[in-house]
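J.: Here are the chains, one letter per residue:
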Amino acid sequence: MSIPAIRNDWAVMAIFTVAVLTAPLWLAPIGANYPDLLQKFAIFGIFAIGFNILFGLTGYLSFGHAVFLGVGSYTAVWSFKLLTMNVLPAVVFGTLMGGVFAVLIGYVSLRRSGIYFSILTLAFAQMSYNLAYSVLTPITNGETGLQITMNDARILDGPVGDGLPSTTLFGLEMSGYSGFYFCATMLIIAFFISLRIFRSPFGLKLKAIKSNQTRMKYTGFNTRPYLLVAFVISGMFAGLAGSLMAITDPLAGAERMQWTASGEVVLMTILGGTGTLIGPLLGVGIIKYFENIFSALNEAGLHEFFAFMPDWLENIVVAVSSEFVGEGWHLTLGVLFMLVVIFLPGGVMEGIRRTTAVVRNLSKGPEKKAAESVGKE
Amino acid sequence: MDAIILQLLNGLDKGGAYALIALGLTLVFGTLGVVNFAHGALFMLGAFCAVSIQSLLTISKQVKDESITFFDAYKEQPYLEIWWGDTGTAIIDWAVPLSIFLAIPIMLLIGVAMERGLIRHFYKRPHAEQILVTFGLAIVIQEIVKSFFGANPIPTPSPEIVAGSANIGLLLGLGESVVYPWWRLVYLLFSGIVIFAVFAFLQFTTFGMVVRAGMQDRETVGLLGINVERRFTVVFGIAAVVAGLAGVMYAPILPPDYHMGMDFLVLSFVVVVVGGMGSLGGAVSAGFLLGILQSFASMTEVKSIIPGIDQIIIYLVAVVILLTRPRGLMGRKGVMED
Numbered sequence: 001m002s003i004p005a006i007r008n009d010w011a012v013m014a015i016f017t018v019a020v021l022t023a024p025l026w027l028a029p030i031g032a033n034y035p036d037l038l039q040k041f042a043i044f045g046i047f048a049i050g051f052n053i054l055f056g057l058t059g060y061l062s063f064g065h066a067v068f069l070g071v072g073s074y075t076a077v078w079s080f081k082l083l084t085m086n087v088l089p090a091v092v093f094g095t096l097m098g099g100v101f102a103v104l105i106g107y108v109s110l111r112r113s114g115i116y117f118s119i120l121t122l123a124f125a126q127m128s129y130n131l132a133y134s135v136l137t138p139i140t141n142g143e144t145g146l147q148i149t150m151n152d153a154r155i156l157d158g159p160v161g162d163g164l165p166s167t168t169l170f171g172l173e174m175s176g177y178s179g180f181y182f183c184a185t186m187l188i189i190a191f192f193i194s195l196r197i198f199r200s201p202f203g204l205k206l207k208a209i210k211s212n213q214t215r216m217k218y219t220g221f222n223t224r225p226y227l228l229v230a231f232v233i234s235g236m237f238a239g240l241a242g243s244l245m246a247i248t249d250p251l252a253g254a255e256r257m258q259w260t261a262s263g264e265v266v267l268m269t270i271l272g273g274t275g276t277l278i279g280p281l282l283g284v285g286i287i288k289y290f291e292n293i294f295s296a297l298n299e300a301g302l303h304e305f306f307a308f309m310p311d312w313l314e315n316i317v318v319a320v321s322s323e324f325v326g327e328g329w330h331l332t333l334g335v336l337f338m339l340v341v342i343f344l345p346g347g348v349m350e351g352i353r354r355t356t357a358v359v360r361n362l363s364k365g366p367e368k369k370a371a372e373s374v375g376k377e
Numbered sequence: 001m002d003a004i005i006l007q008l009l010n011g012l013d014k015g016g017a018y019a020l021i022a023l024g025l026t027l028v029f030g031t032l033g034v035v036n037f038a039h040g041a042l043f044m045l046g047a048f049c050a051v052s053i054q055s056l057l058t059i060s061k062q063v064k065d066e067s068i069t070f071f072d073a074y075k076e077q078p079y080l081e082i083w084w085g086d087t088g089t090a091i092i093d094w095a096v097p098l099s100i101f102l103a104i105p106i107m108l109l110i111g112v113a114m115e116r117g118l119i120r121h122f123y124k125r126p127h128a129e130q131i132l133v134t135f136g137l138a139i140v141i142q143e144i145v146k147s148f149f150g151a152n153p154i155p156t157p158s159p160e161i162v163a164g165s166a167n168i169g170l171l172l173g174l175g176e177s178v179v180y181p182w183w184r185l186v187y188l189l190f191s192g193i194v195i196f197a198v199f200a201f202l203q204f205t206t207f208g209m210v211v212r213a214g215m216q217d218r219e220t221v222g223l224l225g226i227n228v229e230r231r232f233t234v235v236f237g238i239a240a241v242v243a244g245l246a247g248v249m250y251a252p253i254l255p256p257d258y259h260m261g262m263d264f265l266v267l268s269f270v271v272v273v274v275g276g277m278g279s280l281g282g283a284v285s286a287g288f289l290l291g292i293l294q295s296f297a298s299m300t301e302v303k304s305i306i307p308g309i310d311q312i313i314i315y316l317v318a319v320v321i322l323l324t325r326p327r328g329l330m331g332r333k334g335v336m337e338d
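Top line first, the protein sequences correspond to chains A and B.
Residue numbers for the first sequence follow the working numbering, beginning at 1 and rising by one.
Residue numbers for the second sequence follow the working numbering, beginning at 1 and rising by one.
The following block holds chain B by itself, in its conformation from the complex:
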């Protein structure tokens, strides 16, 4: 029972990341009709936002180490600590959550630039070419990040206060053996909030209404005298921000390296396909569903029955779904049918 609850949490966590990436992916699909293979790169850029903020905050200068007295020893001390003492230390400690605020404008900017500069010219071109050009873009982004940050994963710790593990067992009255890292719980909450915010935005604002109408029938919306193109730019920006935020918060869970985007991209595509192209609810539910399935498949009990199932479960599910329900779980008729 304990193991099952733990795996459920693990799955929800992974599912949160999948859902966030898939949400942006399907938003872009549904409105712009563009297959964006560079979406994983946006997730990765988000994670590297956190990395760069952290290294910016910890720019250090060499000072004399007072604790060693018998010879002149030097240590690195961040400027923030020198200037502001404990406040500085606290700011450094909270680097990852703080980077959220910076990541939003940065990712928005990147998203808008990408849409204006490249994606816009590919609306009318075949899907194969969209896939190829964004695939190329993903490689370029990935290699640039690699040349700046190196090929190794960069550890990005979460704040001290949520570094430990939560004793969920006690909270739920299940015994003491069920412990789970705090940060992962935070991530789960965070992804829930972001997903909720995106849905609320689409549901309750005029802008969101136009976007939803655009997902139904782009042409008619354009004919009604609404500037669809500008809306699309914003939609792409939002998708980029969502992917970026998912990346920022994921940095303490998985130390970012340059190819994390690609790894997540393939999975997110599968998530989108399983959920149904252009269906936001489908993307979110499929994200969580696949995340949970993957966690359960990696339990040793399951693995001893079917070896290797944890590696392929997601793809297997995708194949079965595509063959039995070609439009995915919640796909609508007429969206990306060919």
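Next comes chain A alone, as it looks inside the complex:
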């Protein structure tokens, strides 16, 4: 091991919990400490952690994970409409509904592996997306998106006063920092579950499926139930993330289920490092943070940024880089995606590992190295 691995899971959890809860403080220097962005970090973090349980551990690349995200959102909004504005039922139902859909889709898709699995999940995702836009309009409200209204039933809340009610946790309004801390709590729980899975015999079996499924089967081991469980867990994570999205903004649209959304979570996971515990979270942080900065930038901002250059150079640099910011953020994303897959398939975590290895080699004096090689002989 090149990184000093913390062996004690509780220590990991403690560090992680403190890090998440104090995020508004230590993210302040890079200007990422406002609740909206922090919520996004937490929500997509849960999504990516869940995706990583499937892709990172078993190697099954799902291209339709956004379905569960969308389903979670719709369920949560319906819970707001029919039951109560309290967020707990919304979260529970959203997660469960994500799980139900994952059972259905997973049961069929997992009969095939490799590229076929990717295409099957993609087909299901497109199917759900198309249905949400067309026939299911009574449930999904089609293109407008599902939202809460004044005259919803809300049988547990009773009649509302003036204005649209906002989502609450037993009276505590879920906006701003309280919303973030709710999402953060969920993230910590999700991370804990993921950690337990990674360290469990179950997680080990999933890893074995990734490295050699045929051999697993030859030893008389039925892999499919394990795969299905992994798929359902990751679907529930996505459902949870979707319901949290609806909590921070009670609106659900079909575009959340589009396959580009599925592609985004794949990118985040890969960028951070698939199969690692913390990697997907890093990926989410990097992408959401830069999305935030890049899509807000415009040409004037770029001119300011590159003002130190000579004028002619500045103009060229600004002309080129303006393609990558604002509306062109997706271009940056695509380029980043390609660069990561080509040069660093292991993601940022792989990069960190390599760098530390190099640094260690450098810091080791030549004599020490010589001594080591002698010792080996």
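Calculated directly from the structure, the hints in this document are not laboratory data.
Be a bit skeptical, because a hint or two may be false.
Unchecked claim - Derived coverage of chain A by chain B (criterion: at least 3 residues anywhere in the stretch with Cβ under 8 Å from a Cβ of chain B; other residues may be distant):
1) 105 to 119
2) 126 to 136
3) 257 to 266
4) 320 to 334
5) 341 to 351
As the list claims (entries may be wrong) - Dumping the calculated EDC-like pairs for lysine to aspartate or glutamate here, alpha-carbon to alpha-carbon at most 16 Å:
6) Lys-61/B with Glu-76/B
7) Lys-81/A with Asp-249/A
8) Lys-81/A with Asp-157/A
9) Lys-81/A with Asp-152/A
10) Lys-210/A with Glu-129/B
11) Lys-146/B with Glu-327/A
12) Lys-146/B with Glu-323/A
13) Lys-288/A with Asp-36/A
14) Lys-64/B with Glu-76/B
Everything numeric in this text was worked out from a predicted model, so none of it was measured.
The beta carbon of each residue, even a glycine, is placed where N, CA and C say it ideally should be.
Assemble the complex: chain A is given as a structure, and chain B must be docked to it using the hints.
T.: Relative to chain A, chain B alone:
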């Protein structure tokens, strides 16, 4: 009856586009063993070849509008019209068919560059990484096109002579109510020709023979002293050209926008899977089959029985096929089994 014939034609038309894209996709699968998610982008680039040729031909200068006499009015007149009069107008009118000739070398170039520059380095890497890198490439191509041509669909009219509708009913003796746009008939014919040409090329040339052998067993072909790598580059180029041509000719039917490639890509993948990975005949027949199924599903009579069936029929068929015939309709044993 009339409605059924119309839907059949519609389906054949759509199926033609699916078949052309799926053909290239499965050609690349079968020979190179690469899953190319950027293939839809090639289709889109083809359509934008037509768009750019059209806008190149209609580069205009401001001239005085003679028809308005009571004040100085200016209108845009294309240089071609100014220089060559009616011949120029005719050339502009035929912009889309003319772009075919330009699209072939351009798409070949793009295809070869893509294979040499990127795909080649991914032969030995896992399928997941191939999918991901080509997915990234597709996004990049799409966004570049968007920044050049904007996000709105660009209407690209077909030549005047085939702009109207053909009265197929009269031709076939079925009554006058069956009319169908000429250009769509042209497209159908065109896709038939291209498919035939590709098959003939693979069947009757030495090069094609090597490619077919490569699809059977790449390793052995390489061991026989044939430079497989160079052949692969050409195969990829051909696949790109076929997708590009499909795009060029589709431009008058569906005004090109930057995400048309992605829309078609997902469908074409389904087509390839239904037809069977690495099976050319499977790809073509599945393309037409799914196209026709989709058209029939969008008839109001069918929709009133099962609402929304038109949206999901293709995916539904794919799921059923994959579960009952895992190798697809015509898939061979041992091709992309895992």
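J.: Each hint needs a verdict: does it hold in this structure or not?
T.: Hint-by-hint comparison with the structure:
| no. | hint | result |
| --- | --- | --- |
| 1 | 105 to 119 | holds (count 9) |
| 2 | 126 to 136 | holds (count 8) |
| 3 | 257 to 266 | holds (count 4) |
| 4 | 320 to 334 | holds (count 7) |
| 5 | 341 to 351 | holds (count 3) |
| 6 | Lys-61/B with Glu-76/B | 6 Å, holds |
| 7 | Lys-81/A with Asp-249/A | 14 Å, holds |
| 8 | Lys-81/A with Asp-157/A | 10 Å, holds |
| 9 | Lys-81/A with Asp-152/A | 5 Å, holds |
| 10 | Lys-210/A with Glu-129/B | 15 Å, holds |
| 11 | Lys-146/B with Glu-327/A | 10 Å, holds |
| 12 | Lys-146/B with Glu-323/A | 10 Å, holds |
| 13 | Lys-288/A with Asp-36/A | 11 Å, holds |
| 14 | Lys-64/B with Glu-76/B | 9 Å, holds |
The structure shown violates none of the earlier numbered hints.
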